[in-house]
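Residues per chain, in single letters:
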Amino acid sequence: MSATSALGALGRRLAGSRVVVVSASILFAIALIALLGPLVSPHSYQATSLDERLAAPALADMRLFGTDDLGRDLFVRTTMGVQVSLLVAVVSSLVSLVIGVIYGAIAGYAGGRTDAVMMRIVDTLYALPFIFFVILLMVYFGRNFLLIFVAIGAIHWLDMARIVRGQTLSLKEREFVEAARLIGVRPMTIILRHITPNLLGVVVVYVTLTVPQAMLVESFLSFLGLGVQEPQTSLGSLVNGGVRQMEQAPWVLLIPATILAVILLCFNFLGDGLRDLLDPRGADR
Amino acid sequence: MQQRGAIRFALTRLLCAIPTLFFVILIAFLMMHAAPGGPFDDERALPPDAAANIERAYHLDEPLLTQFGRYFGGLLRGDLGPSFRYADYTVAELIGGALPVSALLGAMSLVIALAAGVAAGVLAALKRNSIADRLITGFALTGISIPVFIVAPLLVLVFAVRLGWLPASWASTDSGARLLLPVIALSLPQIAYIMRLTRGSMIEVLASDFVRTARAQGLDTWSIVRHHALKPAMLPLLSYMGPAIAAVLAGSVVVEQVFGIPGLGQLFVRGALNRDYTLVLGIVILYASLVIFLNLLVDILYGFLDPRIRHR
Amino acid sequence: MAARRVIAGILAAVLLLALALVVLERGGPADDTANGVVTLNRGVGPEPETMDPHRAKTVQAHIVLHDLFEGLLRYSPGGDIVGGAAERWQVSDDGLEYRFWLRADARWSTGEPVTAEDFVYSFRRLVDPATAAFYANHISAVVNADAIVAGELPPDALGVEAANPRELVVRLRQPTPYFLSLLTQPPTFPVDRASIERHGDAFARPGNLVSNGAYVLADWTLGSVLELERNVHYWDDAATSIDVVRHFVTPEPSNELYRYRAGELDITATIPSEAFPRLKEERPDEIRTAPLLGVYFYGMNLNHPELGGKRALREALSLAIDRETLVEKVVARGEPPAYSFVPPGVDNYEPPRLKFEDEAPADRHARAKRLYAEAGYGPDNPLEIELRYNTSETHERIAIAVQEMWREVLGFEATLINEEFRVLVANVQAMEITEIFRLNWTGEYNDAHAFLNIFASDSSSNMFGYKNEEYDALLEQAAAQTDLSRRRLYLEEAERVLLADHVVMPIYFYISKHLVSPKVRGWRDNVLDYHYSQHLDIVDDR
Numbered sequence: 008m009s010a011t012s013a014l015g016a017l018g019r020r021l022a023g024s025r026v027v028v029v030s031a032s033i034l035f036a037i038a039l040i041a042l043l044g045p046l047v048s049p050h051s052y053q054a055t056s057l058d059e060r061l062a063a064p065a066l067a068d069m070r071l072f073g074t075d076d077l078g079r080d081l082f083v084r085t086t087m088g089v090q091v092s093l094l095v096a097v098v099s100s101l102v103s104l105v106i107g108v109i110y111g112a113i114a115g116y117a118g119g120r121t122d123a124v125m126m127r128i129v130d131t132l133y134a135l136p137f138i139f140f141v142i143l144l145m146v147y148f149g150r151n152f153l154l155i156f157v158a159i160g161a162i163h164w165l166d167m168a169r170i171v172r173g174q175t176l177s178l179k180e181r182e183f184v185e186a187a188r189l190i191g192v193r194p195m196t197i198i199l200r201h202i203t204p205n206l207l208g209v210v211v212v213y214v215t216l217t218v219p220q221a222m223l224v225e226s227f228l229s230f231l232g233l234g235v236q237e238p239q240t241s242l243g244s245l246v247n248g249g250v251r252q253m254e255q256a257p258w259v260l261l262i263p264a265t266i267l268a269v270i271l272l273c274f275n276f277l278g279d280g281l282r283d284l285l286d287p288r289g290a291d292r
Numbered sequence: 156m157q158q159r160g161a162i163r164f165a166l167t168r169l170l171c172a173i174p175t176l177f178f179v180i181l182i183a184f185l186m187m188h189a190a191p192g193g194p195f196d197d198e199r200a201l202p203p204d205a206a207a208n209i210e211r212a213y214h215l216d217e218p219l220l221t222q223f224g225r226y227f228g229g230l231l232r233g234d235l236g237p238s239f240r241y242a243d244y245t246v247a248e249l250i251g252g253a254l255p256v257s258a259l260l261g262a263m264s265l266v267i268a269l270a271a272g273v274a275a276g277v278l279a280a281l282k283r284n285s286i287a288d289r290l291i292t293g294f295a296l297t298g299i300s301i302p303v304f305i306v307a308p309l310l311v312l313v314f315a316v317r318l319g320w321l322p323a324s325w326a327s328t329d330s331g332a333r334l335l336l337p338v339i340a341l342s343l344p345q346i347a348y349i350m351r352l353t354r355g356s357m358i359e360v361l362a363s364d365f366v367r368t369a370r371a372q373g374l375d376t377w378s379i380v381r382h383h384a385l386k387p388a389m390l391p392l393l394s395y396m397g398p399a400i401a402a403v404l405a406g407s408v409v410v411e412q413v414f415g416i417p418g419l420g421q422l423f424v425r426g427a428l429n430r431d432y433t434l435v436l437g438i439v440i441l442y443a444s445l446v447i448f449l450n451l452l453v454d455i456l457y458g459f460l461d462p463r464i465r466h467r
Numbered sequence: 020m021a022a023r024r025v026i027a028g029i030l031a032a033v034l035l036l037a038l039a040l041v042v043l044e045r046g047g048p049a050d051d052t053a054n055g056v057v058t059l060n061r062g063v064g065p066e067p068e069t070m071d072p073h074r075a076k077t078v079q080a081h082i083v084l085h086d087l088f089e090g091l092l093r094y095s096p097g098g099d100i101v102g103g104a105a106e107r108w109q110v111s112d113d114g115l116e117y118r119f120w121l122r123a124d125a126r127w128s129t130g131e132p133v134t135a136e137d138f139v140y141s142f143r144r145l146v147d148p149a150t151a152a153f154y155a156n157h158i159s160a161v162v163n164a165d166a167i168v169a170g171e172l173p174p175d176a177l178g179v180e181a182a183n184p185r186e187l188v189v190r191l192r193q194p195t196p197y198f199l200s201l202l203t204q205p206p207t208f209p210v211d212r213a214s215i216e217r218h219g220d221a222f223a224r225p226g227n228l229v230s231n232g233a234y235v236l237a238d239w240t241l242g243s244v245l246e247l248e249r250n251v252h253y254w255d256d257a258a259t260s261i262d263v264v265r266h267f268v269t270p271e272p273s274n275e276l277y278r279y280r281a282g283e284l285d286i287t288a289t290i291p292s293e294a295f296p297r298l299k300e301e302r303p304d305e306i307r308t309a310p311l312l313g314v315y316f317y318g319m320n321l322n323h324p325e326l327g328g329k330r331a332l333r334e335a336l337s338l339a340i341d342r343e344t345l346v347e348k349v350v351a352r353g354e355p356p357a358y359s360f361v362p363p364g365v366d367n368y369e370p371p372r373l374k375f376e377d378e379a380p381a382d383r384h385a386r387a388k389r390l391y392a393e394a395g396y397g398p399d400n401p402l403e404i405e406l407r408y409n410t411s412e413t414h415e416r417i418a419i420a421v422q423e424m425w426r427e428v429l430g431f432e433a434t435l436i437n438e439e440f441r442v443l444v445a446n447v448q449a450m451e452i453t454e455i456f457r458l459n460w461t462g463e464y465n466d467a468h469a470f471l472n473i474f475a476s477d478s479s480s481n482m483f484g485y486k487n488e489e490y491d492a493l494l495e496q497a498a499a500q501t502d503l504s505r506r507r508l509y510l511e512e513a514e515r516v517l518l519a520d521h522v523v524m525p526i527y528f529y530i531s532k533h534l535v536s537p538k539v540r541g542w543r544d545n546v547l548d549y550h551y552s553q554h555l556d557i558v559d560d561r
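Residue numbers (the numbering used here), protein chains in the order written: chain A, 8 to 292; chain B, 156 to 467; chain C, 20 to 561.
Be a bit skeptical, because a hint or two may be false.
If we take Cβ atoms under 8 Å as the criterion, some of the chain B residues that face chain C in the derived model are [said to hold, decoys possible]:
#1 D196
#2 E198
#3 A200
#4 Y241
#5 R430
Looking from chain C toward chain A, a few residues come up when the C-beta cut is under 7 Å (computed) [unchecked claim]:
#6 E293
#7 R416
#8 L435
#9 N437
Away from chain B, derived, C-beta distances all over 10 Å, residues of chain A [what the hints assert, rightly or not]:
#10 R19
#11 A36
#12 I40
#13 L46
#14 V47
#15 V98
#16 I113
#17 G119
#18 D122
#19 L199
#20 V210
#21 L284
By construction, these hints were calculated from the structure, which means they are not laboratory data. Beta carbons are placed, not taken as given, at the ideal position from N, Cα and C, and that holds for glycine.
So here's chain A without its partners, still in its complex pose (with noise of 0.2 Å):
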């Protein structure tokens, strides 16, 4: 099965799934807002205004979802928590599957004592408690968000890994495959051509499922005051600032909230949308 073809198969069930078109919808509204509305509001992320702090939303002068507690326009600032939030997972993401994969194919194909190996770094690295590697991260790197979560990236692929092993494990015995080695096409031929192309449907979905965790990672090292550089703001930096502010001005709190929660269920409900359809044993129902 071609990469090409696999893909259209794909496209074209997607397409007839209800929860997976409005989730990719909605959060394709919610990506365009985001990288449209700057342009749109006369207010600049950054500049503070010291007399209008803590503003409740309103239509004049564009306050649209009102100003935070150094008078900044939040509408701006959300737009750019949006774009981060999701430029940063979807970045953290990328790196784990590409390692993920790699990895997982290699140990899957080459099996033997390369994949016992292989496998046991995994385990090592599993063993070390996660939030230990985040914080550490953030005090060496503590300047460059993106690089933390290239980082962050490069620890959550231990999962990845783990599956793309087992379903190598099962498709090298397929008759493909061993069609193509006896011709002699080389191992690592075999697993970029043949191998890889046939882990999209687990792949996309786990992806689909890291991107929400990633973003849950960032809010919480927003929590602990590790977050992204200001006056840069994230999702997770605007809720926990406004969790601090939810009696004194609610909105501060709510509004970056909702379009986190809603990002999160959207990406949730794609990624069951997609394991649902993708899961040939689900897909007679």
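For this one, chain A is given, so just place chains B and C on it according to the hints.
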């Protein structure tokens, strides 16, 4: 035959765990010491002589490898060392004090999450794609979509400050009421994960041949679920439980901080921020051993529950 | 079937649990009051690290230690130095010999008398390299103290001796006008030799700790609460009203406030910024703020070529910061803006002020622009500079506001760098990569020297790379004075030099901020923010 295989399997795995644990300790030790800023740095720089005395007292003046050797030697004797921050206590005592609290909270939230999650998952699977399914799934997904650092303060604000029904902090009372809010905050995301896992595997099992056969024999849905479907459907849950138990025992920083709970999570995070090297390493070792042990246990249980898997 | 039993078991467990939680009534402090036990619940802030007075380092540990121990001297509720374990004392005319007479009824919590020997032992323990005390140099004015800390002399060479069991003699190497105030602090508290020899490193734990103050350590649940009980052997026990003091660990100010509002705390360690406006309306009488000996500042690393070489630039940066706006609209808790480094209220001192304090904002801005241009910067050549601060809501908001002020007035974009506290401190002290940084300084003792000495070129706390011979000379001359009124002239002149050099941009002076329940009596505001539990009382009017 099967039993002997299982024992041999367990022993091999235990032996393999030793190098794993060693590397975990080494990696954690090096990472911790590589972090900028030492345990005794403060805005008030110490006069050089006082600083030298402290470094000598904690052996920080020795080469890193010697320090590791000293630490590892202590470990072999079962000594986790003194805490760098809490001068009156050893790491073993600090962990010993926090572990039972984390274990109690963790166990309670897991039990509740299991009960609610499995029930909701089975129900959703049986009524697949119905309104009930949608509602349950939606509710569960909402549970993982709201960060716990919003849920926990909100619970405090509503139930402790506004309504005054429940205590706002752990230490303010000895009664069991102090468990309620933290347990709710802890179990919400767990319920969601368990519910999803159960629903997924239940659907799969219900579609399998032996359930179809049972259905063809005229058994009603509930007895099929109880007698045939539940056990195989629980298998994926089992592999989830290993890491989940370890995570729950290691505590949740957010909930512990909000409610002032003396658990392992905040001990760990504060330890990392304070560069309390020995304390952090102690908790890492505990966590790693738990993960390794629980995963082994899960694998063995798998063998007993799923006749298709044989340990070779 | 096994699975069925498991499910049934789980359900039963959940039901039991829910039932147990519902049945269990809300217990706690209220029960004690019924038994006639008066309990005070205080928020202490982040967790104290040890109850060993010589190894303790944080303000939080010191707060609890003040309840547990008593030095030779202590503070009255109004903030005056009064006798503690010593009932009277005498200072020689040359200011070099201090003589203390201990109370006959000064006792340990074991009932044993506190003797001059105990103080000799304790002072030696503080400077002994083996103790590895943070504040080992706290008593460096005492003969040989520094040499002992450096390991050059044995601890018994320290200039402290017991003339008899109730008379202690302390010899100083140079006159130190603030020496008495040092003796109210935890590093000079006595520890019980017998219990240290018996328990070793574990002597300061609840159950082991022997103390000589109004309270004893009954329990310590790490991460949660320290519980103190009345010390019946304390010489002034009759004057103590509160029987049990609970110091709750409250690292997060917003959560501390919840606990206070839920009635679980009688006193908070602080008040979160964001809640201030509301609290001022809803509970004006419960807010207690008072000046504190501390200053919040932006320091400059003079090793950085631009900052070090251009005094005009440093002054421009300082001028462009509108301190009034910061304290009114960003910090918003009633802190006074700072135009000097030494806070007002320090004994025997009147801080000189930055000259531009009286200028109107427009004049300041115009002059800032001129100086900025003079230093060679402008729209085509904006300053590139990094501003470091540590992870905290307030620091972040101030940094953002300052960044905006510099942008508005001078037209450059400072790079904000938020670092975790220990990373910031390590960077600041290394003086390599830091440019402008946030820190604060609090007086270890009530004297201008505690603030000014960090700018001396040989000070280990000089994180500015500041070297000014005139300044060093003034400090040395001040140190040589025994006459307080002449000493102060030198110190004030030194600060004048410092301010004119614009090494540091003072932003605001600290205030202590507490919520104090109307039930609590005896609370007196003071500049040291000392509120010993033994001076407080609880009166429930209900």
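Against the structure, the hints come out as follows:
Checking B/D196 against chain C by beta carbon gives a least distance of about 5 Å; that is within 8 Å, so the hint holds. Among the interface hints, the one on B/E198 holds; its C-beta lies about 5 Å from the nearest C-beta in chain C, closer than the 8 Å criterion. At about 5 Å, the closest approach between the beta carbon of B/A200 and any beta carbon in chain C falls short of 8 Å, and the interface hint on this residue holds. Satisfaction of the interface hint for B/Y241 is found here, the shortest Cβ-Cβ separation to chain C being roughly 6 Å, below the 8 Å cut-off.
With its C-beta approaching chain C no nearer than about 6 Å, B/R430 sits inside the 8 Å limit, and its interface hint holds. Interface hint status for C/E293: upheld, as the beta-carbon distance to the closest one in chain A is roughly 5 Å, under 7 Å. Nearest Cβ of chain A to the Cβ of C/R416: about 6 Å, under the 7 Å cut. The hint holds. Here the hint on C/L435 is kept, as its CB sits about 5 Å from the closest CB of chain A, short of 7 Å.
A least Cβ separation of about 6 Å between C/N437 and chain A falls short of the 7 Å threshold, and the interface hint therefore holds. Separation of A/R19 from chain B is adequate, the least Cβ-Cβ distance of about 20 Å exceeding the 10 Å criterion. With a closest Cβ-Cβ approach of about 17 Å to chain B, A/A36 is found to remain outside the 10 Å limit, as its non-interface label requires. Listed as a non-interface residue, A/I40 keeps its Cβ farther than 10 Å from every Cβ of chain B; the least gap is roughly 19 Å.
Under the 10 Å C-beta cut-off, the non-interface status given to A/L46 relative to chain B holds; the minimum distance is some 28 Å. For A/V47, the shortest C-beta to C-beta distance to chain B comes to about 28 Å, beyond the 10 Å cut-off, and the non-interface label holds. Every CB of chain B is more than 10 Å from the CB of A/V98 (nearest about 20 Å), matching its label as outside the interface. Once the 10 Å rule is applied to beta carbons, A/I113 is consistent with being away from chain B; the minimum gap is 20 Å.
Listed as a non-interface residue, A/G119 keeps its Cβ farther than 10 Å from every Cβ of chain B; the least gap is roughly 14 Å. With a closest Cβ-Cβ approach of about 14 Å to chain B, A/D122 is found to remain outside the 10 Å limit, as its non-interface label requires. Every CB of chain B is more than 10 Å from the CB of A/L199 (nearest about 30 Å), matching its label as outside the interface. Remark: the non-interface label on A/V210 is consistent with the geometry, its nearest Cβ contact in chain B lying 17 Å away (cut-off 10 Å).
For A/L284, the shortest C-beta to C-beta distance to chain B comes to about 13 Å, beyond the 10 Å cut-off, and the non-interface label holds.
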